[in-house]
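I would like the entire structure built from these sequences, with the hints used as guidance.
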Amino acid sequence: MNHLFEIILKEKIQIKKTKNIASLNLIRIKLLGKNGHITQETKKLHTLPKEKRQKIGKVLNRLKKEIQNLLKTQKKIIENFEIKNVLNDKNIDISLPGRHCEIGSFHPITRTINIIKKFFKNLGCSIFHGPEIENDYYNFDALNIPNYHPARTSHNTFWINNTCLLRTQTSSVQIRIMKNKKPPIRIISPGKVYRNDYNQTHTPMFHQIEGLFIDENLNFSSLKSILHNFLNYFFEKKLNVRFRPSYFPFTKISAEIDIMNENKEWIEVLGCGIVHPKILSNLNINYKKYLGLAFGMGIERLAMLKYRIFDLRQFFENDLRFLKQFE
Amino acid sequence: MKINKLWIEEWIKINDNMQSLSTQITMHGLEVNKVNPLILGNIKGILIGEIIDCIQHPTIKKTYLIKINTGSNKLFNFISKNKLFKKGLKIVFASYKSTLPPDIKIKKKKINGWISEGIICTYSNLFFSEGSSEIIKLPNDAPIGADVYKYLNLNDQIFEIALTPNRSDCLSVLGIARELASINNIKLNWIKISPILKTNLITFPIKIKEPKFCPNFLGRIIKGIDVTAKIPIWMKEKLRRIGIQSTNNPIHDITNYVLMELGQPINVYDLDSLNKTLIVRHTNKNEKFVLIDNSKLVLKKNTLVISDEKNILGIAGILLGKYGTIKKNTKNILIDCSFFNPCKIIEETQNYNIHTEISRRFAAGVDLQVQHKAIERISELILKICGIKKISKIIKISDENYLPKRPNINLTKKNIDNLIGYKISKQKINDILKRLNYKITNQGEAWKVIPPSWRFDIKIEEDVIDEIVRIYGYDNIPKHKLNLNLYLKSDSEKTLSLNRIKNLLVDRGYNEVITYSFVDPKIQKFLYPHENSITLLNPISSKMSVMRLSLLPGLLETIIYNQNRQQNKIRLFESGLRFVPNQYSENNVKQEFMLGGIISGNRYEEQWSDKIRESDFFDIKGDIETIFKIKKQLKSIKFKKNNSFYVLHPEESAEIHLNNIFVGYFGALHPKIKNKLNLKENIIFFELCWDLISKNCDIPKIKKISKFPFNQRDISIIVKTKITAEEILNECKKIKTKHTVEINLFNVYFGRFIEKGYKSFSIRFKISNLEHTLKETEITKLVKKYISKLQNKFHAILKT
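Protein sequence lines correspond, in order, to chains A and B.
The opening position of the first sequence corresponds to residue -10 in the numbering used here, with each subsequent residue numbered one higher.
The opening position of the second sequence corresponds to residue 33 in the numbering used here, with each subsequent residue numbered one higher.
Calculated from the structure, these hints are not laboratory results.
Below, a sample of chain B positions facing chain A; criterion: calculated Cβ distance under 8 Å: (1) H60; (2) N450; (3) K511; (4) K521; (5) Q623.
Below, a sample of chain A positions facing chain B; criterion: calculated Cβ distance under 7 Å: (6) L85; (7) R88; (8) E91; (9) I92; (10) S94; (11) F95; (12) I98; (13) G113; (14) Y187; (15) F209; (16) F232; (17) A244.
Ideal Cβ positions, reconstructed from N, Cα and C, are used throughout, including at glycine.
The structure is reproduced here in structure tokens:
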């Protein structure tokens, strides 16, 4: 027994010195394992007389528990120590940039069109695209712009031959839709249009969105409320808006809509009106029953106002330093 | 058109309480682009002066010493090189201590020992670019010492109005004033015109051969006029303010004055040079018309002209030529003031592509009620300015049958309410129509109305309603709460959303661009030597003159633009139409919607954590495969060798086929083209026919997921280099098994440890079964099957 005490005393010191789990395990096996010192002594108990057996048994049990507790405590110490080391190993510079966070961007024109689409889709509009090379029937004649009409010359048309041209307005789409669809109609049509102008305020290609609602029970007042709501939605604020009379050959009660900018200047953003009854009847739509509302807007103008773009030409230069600002 | 406030005020009383004129005009349909005060800046102490002495400088040639009296005790000295200054001339003098616009304080100046004490003003001193460099000469009766600001009525405003094409009736002071009178419900005060009552019995033969096109002709003969007379300063100044420069010819200026005042074009001929008769007629074949500049125009048959027995004097309602015009020594004149059929004038302006101030008004229709007044007005002014010895009565030749018919339009309250969506009271409607000078007959809930004689654009009920709302004010119509019927549209999941794919590309680092649809024909021909393009007849420049055959020219140009601005890592995409001549398509052109992208430079920006590498073929291939993955049809596409796109590198490129239909292509730019365009970086490009890929997407149908773990086995094989990955994978897929197998080729290796002409592929099999956990024997058996297949088919050697 005395020999045992000696061993245990020595191992107790060892346990406290141990710095890793593996050596601790070795000590555990040495003392408490199958052939460990304490286990061996316990095995010898049955050879002893009953009285002695009880006494020594108690001592061995106490030693066993003592060792177990010691091992447990030391194990915790070692584990804590090891985790601390693991944590210390990962000492990184969190200020370094993350890996490849590059993304691209939508062109501001697409971005603007998407906002407009969202509003009108919520009103039940479908999206329709028309061709960009048109003939003069769709671009002019059917829109009540006959050959001699001053609107025709003022459009600065790009011609391909005697009859074909690059469309000067998305309004040509109205005719295609009315030809192919029966009322009620609710569509918008975004797209490119072309005019032979190139200076600070004009590019030879630009974008418009045309809108067409044909239904019963529509009127000028509904046109006003649709477009007023739209402008507030688009600019995300309550705007000072005015409707003033204008003239388009294909609408009656034609209006131009101005909004007030921060410099208290009126900026023209939209043209609209009630579809001319002649156009409806030409396309076999009962103009006594149905009324058409049409509107068109220049996308560049809206985008410039929303994103404070000052030079129209930037839209088509596609300078990455410009585009990346729309990430 | 330009118009000044003071001239308008001759017709209506402008009340200070009125909303600003420009807002009024704009809010009622005539858009005012600009309003400027006549004098831009400060003006102070500018007086009328008289030159009382003008002598040659004693020593310096061509320099004059001038003394000016401005009514005070002091006489002012002025030194000038201008020899036109004469004693007794009345001028505008800005002495030292006075101020000229914009804010120039005039000072004494020492010139060659003499002191000049001010400036004799030119028009440009007062009006900048709006005035000429001509000295302002005042009439003899101008009061010396009077303030020029008051004398010349400089407290004026100039409006620039953008008239819509339907409102030609507003192309005159009368028209604008009349419009303002209607808007404000005030009286229009017609200017006083004194008709010449004492006339002489003189005449000249006039024949109207085409009364259909000239249904109203008013003429007058005036004899003994002085065409060297100068028009008075007030007329000169009024013309100048509305943008017309006066000439040496008073008759010309007076004609312009009446045109701008009343809107009626008038022709004046030199009576003595007319041959026998004035005729309004149609041309015969091949008649020649001599223009002012002596150039000749061969007229088409049946052009409406004004002629004498010998020469054509002018194309009716459009322009006059060389014959019959006023000369320096003209004494006797014939005036013509007519109404021509607007459709005829429109036709002729189109035929000859000649558009003049006159044709613009005749084409829209001139007011029949104004012609008589206009001829009296011009007679009165000629009498005042040029003097008259003899004057005839007004000769009127009119054919009622061809005079324009005024429409009788039915108008109902119900239609008005329905169109507007808001009820304007009957009384208000009556009031507005009266203000607009309509003749109205009220019949209960309806009206019969006749528009005024100057409104040729009002034809149908909607036109009248438009007018009612215009005067009522668009802003006074309330907006209803939005109340629309609900229509459901079907956005099919089978259609691939362009926006979804754009989002994908954006998130993969592409910047969207929009380039012009017309491109440089040289570049296009170089990229597509065997294809024809559509050419614009009137391009903006030769570099923007053909319609693009693909998105490539625009994308390449954008790459070049950005590389020139030190951008090296570039990823761009664009969507839009391409235009291919095709006789079977509408308008002989196929307009296809394309989606294209281009990448150049490194795949990523250089970063602390990774090695940089150049973008290549497989970067774009991955992007394309992802697009088809979203479409759920990655398995339905095949990449085939490119045989038709010469712009691409023949090896490093591929065609994309979806269910055996060609839908697009991609690859590296051909080195030849790169060199030619001086592009240094690697460039890879793709283009997809959007309409061919956007339809018929597969909607996911979900398969059962196995509850049991999968097993993974990797093998490496060595095969000949020419054997493709696709061949290997296709062969593996042919093996039938009841297990679920995912096959993935995860490594390709050439090099040191492999014999030349061979490469190694590493393939991973993930095997599972829906019913049970796989036993080792099952797995081994299956993998062996794959191996032996590859061994048989490709002589693959299993690497261990």
